[in-house]
Amino acid sequence: MTAQTIKRVVIVGGGTAGWMAATALSKIMGGVLDITLIESDQIGTVGVGEATIPTLVNYNRLIGIDEQAFMAATKATFKLGIEFVNWKQKGESYIHSFGITGKDHWTAGFWHFWLRGLKEGIDYKFGDYCLELIAAEQSKFAHLPKLGLNYAYHLDATAYAGFLRKMAEEHGAKRVEGKITSVSQNGESGYVESVTLEGGKVIEGDLFVDCSGFRALLIEGALHTGYHDWTHWLPCDSAIAVQTEAVSEPIPYTKSIAHDSGWQWRIPLQHRVGNGLVFCSNYQDNQSAIDTLMANIEGKPLVDPRVIKFRTGTRRKHWNKNVVAVGLSSGFIEPLESTSIHLIQRSIFRLMQMFPHTGIVQADIDEFNAQTSYEMEHIRDFIILHYHVTERRDTPFWRQCANMDIPDGLKHRIALFRDAGRVFRPNDQLFAENSWVQVMLGQGIMPGQYHPIADRMTEEELHNFLAHIRTNVEKTATQLPSHHDYVQQYCKAAEMMAKGAA
17 MTAQTIKRVV IVGGGTAGWM AATALSKIMG GVLDITLIES DQIGTVGVGE
67 ATIPTLVNYN RLIGIDEQAF MAATKATFKL GIEFVNWKQK GESYIHSFGI
117 TGKDHWTAGF WHFWLRGLKE GIDYKFGDYC LELIAAEQSK FAHLPKLGLN
167 YAYHLDATAY AGFLRKMAEE HGAKRVEGKI TSVSQNGESG YVESVTLEGG
217 KVIEGDLFVD CSGFRALLIE GALHTGYHDW THWLPCDSAI AVQTEAVSEP
267 IPYTKSIAHD SGWQWRIPLQ HRVGNGLVFC SNYQDNQSAI DTLMANIEGK
317 PLVDPRVIKF RTGTRRKHWN KNVVAVGLSS GFIEPLESTS IHLIQRSIFR
367 LMQMFPHTGI VQADIDEFNA QTSYEMEHIR DFIILHYHVT ERRDTPFWRQ
417 CANMDIPDGL KHRIALFRDA GRVFRPNDQL FAENSWVQVM LGQGIMPGQY
467 HPIADRMTEE ELHNFLAHIR TNVEKTATQL PSHHDYVQQY CKAAEMMAKG
517 AA
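Converting from the sequence shown to the working numbering requires adding 16 to each position, the first position being numbered 1.
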């Protein structure tokens, strides 16, 4: 390892990943670090990570972002969850919402009481006990005291990168325009020492953050780190993206619509809608996928459809020598549960918590890699769950998903819920018990039993307990303003204001 003090941090690549890294590092550690970001106007970004999860709210707060200014700048709307259409069966849908459903007991989750209620004839949907879900269905939103409504954002990813760039530069980060043509490494250690740009400019650094996207210029191109391929579990390998004009008021949730060989996203912003189709090229070619997407959009296309190729998986090491991969260079899990930006921020925070100021040591590298791999594998399993637990057998793609072998840990989670109604969340994994329950119920798994703690209530007590939760949810949802009205009042984008004035 190196005892060299880490002062010069070079971020290779801009986009969401690069500027999130530059902003956090410069805002929190700018006084002790020299931060340079290299970005080429010749190289585009993927830029479709427009749906997020609630952890981004925390990221923005921790680095001091004003929410109203950020949302206006990125034409953002609020997000309370994701509606999954046609995933269990064609014509059926459910919402995976943020927040908590019902009220848990320390021995067992709320769903055990709900299951007993079904047995007693109290026939209400599980989601009727969740405020976020009911507010989403009614297209309502407001900030509530004590963070009483859990939410995330739909945002313009390109505008978010621009917003962060301004903030990072205000805190001392330097942007260098240019395309990297070569990478220089130490002959003995293999550490990256510098990168050379077109025109011959050399940028030296002590620590390099690879935000170069799928190209993985440093972590793979220079260091040949290797990749764990997960396409045998997640066979989709392509996406078509297109933006359309908004034809209705934005709803506070993402739509994920399953098709014959994949699924379609619909993400409503203030000024437009982000659309895309994720699909498996073994069952559908690019033109057929474009035709499928364009036949299922609402509103006039604003750009031509763009094809994106990917390979689901993860880098064998996310921190190798003095290079830390962040974002797509680190690995890729399709955006079914909007985890792309979350993984970026987790890598950034993890790096800051383990920052090797007095020198890089193997223990930090090993811990960083172990934590990152564990988190990505957990998210991977949650995504596999959506594909594998399905009643669809109508196309070769869905038959493959239903019949494929899955990781042992996921097999155990599914069996545990199906047989005993139990869900556990080890080591503070991203998706809590309520997320697993909502998706497993939504995909068609009904537990074979419930915890005996639910039988401690008399039938009357159970009726009152469940009715009280439903009533509170309904009452609170009724009092919320419409999502559209709240966005217009709270964070209306300047572009929208100009249109209104015209």
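Treat the hints as calculated values from the structure; they're not laboratory data. All figures in this text were calculated on a predicted structure; none of them were measured in a lab. Glycine included, each C-beta is placed from N, C-alpha and C at the ideal position. Be a bit skeptical, because a hint or two may be false.
Between beta-carbon pairs, the in silico distance windows are [as the list claims (entries may be wrong)]:
#: 1; residue 1: Gly315; residue 2: Ala436; range: 42 to 52 Å
#: 2; residue 1: Arg415; residue 2: Glu383; range: 33 to 43 Å
#: 3; residue 1: Arg472; residue 2: Ile324; range: 50 to 60 Å
List of simulated lysine-lysine pairs, DSS-like, C-alpha gap at most 27 Å [what the hints assert, rightly or not]:
#: 4; residue 1: Lys508; residue 2: Lys162
#: 5; residue 1: Lys491; residue 2: Lys271
#: 6; residue 1: Lys182; residue 2: Lys195
#: 7; residue 1: Lys271; residue 2: Lys141
#: 8; residue 1: Lys135; residue 2: Lys23
#: 9; residue 1: Lys491; residue 2: Lys162
#: 10; residue 1: Lys141; residue 2: Lys106
#: 11; residue 1: Lys106; residue 2: Lys427
#: 12; residue 1: Lys195; residue 2: Lys217
#: 13; residue 1: Lys106; residue 2: Lys119
#: 14; residue 1: Lys135; residue 2: Lys491
#: 15; residue 1: Lys271; residue 2: Lys508
#: 16; residue 1: Lys23; residue 2: Lys271
Here is what the structure says about each hint:
Against the hinted window of 42 to 52 Å, the Cβ-Cβ separation of Gly315 and Ala436 comes to about 46 Å, which satisfies the hint. At roughly 41 Å, the beta-carbon separation of Arg415 and Glu383 lies within the given 33 to 43 Å, and the hint holds. Checked against the given bound of 50 to 60 Å, the beta carbons of Arg472 and Ile324, roughly 53 Å apart, stay inside it. A distance of roughly 24 Å separates the Cα atoms of Lys508 and Lys162; the hinted pair therefore holds under the 27 Å criterion.
A threshold of 27 Å between alpha carbons decides the hint, and for Lys491 with Lys271 the separation of about 26 Å falls inside it, so the pair holds. With a C-alpha separation of about 21 Å, the suggested pair Lys182 and Lys195 falls inside the 27 Å cut-off, and the hint holds. Pair hint Lys271 plus Lys141 holds up; C-alpha atoms about 20 Å apart against a cutoff of 27 Å. Restraint check for Lys135 and Lys23: not satisfied, since their Cα atoms lie roughly 63 Å apart, outside the 27 Å limit.
Simply put, Lys491 and Lys162 have alpha-carbon atoms about 18 Å apart, close enough for the 27 Å limit, and the pair holds. Proximity of Lys141 to Lys106 is assessed by CA-CA distance (about 19 Å); at most 27 Å being required, the pair is judged to hold. Restraint check for Lys106 and Lys427: satisfied, since their Cα atoms lie roughly 25 Å apart, inside the 27 Å limit. Taking the CA atoms of Lys195 and Lys217, the gap is about 10 Å. The hint holds against a cut of 27 Å.
Straight-line distance between C-alpha atoms of Lys106 and Lys119 comes to about 32 Å, which puts the hinted pair past the 27 Å bound. Straight-line distance between C-alpha atoms of Lys135 and Lys491 comes to about 26 Å, which keeps the hinted pair within the 27 Å bound. Proposed proximity of Lys271 and Lys508 is supported: the alpha carbons are some 22 Å apart, at most 27 Å. Our distance criterion of 27 Å between C-alpha atoms is broken by Lys23 and Lys271, whose separation comes to about 44 Å.
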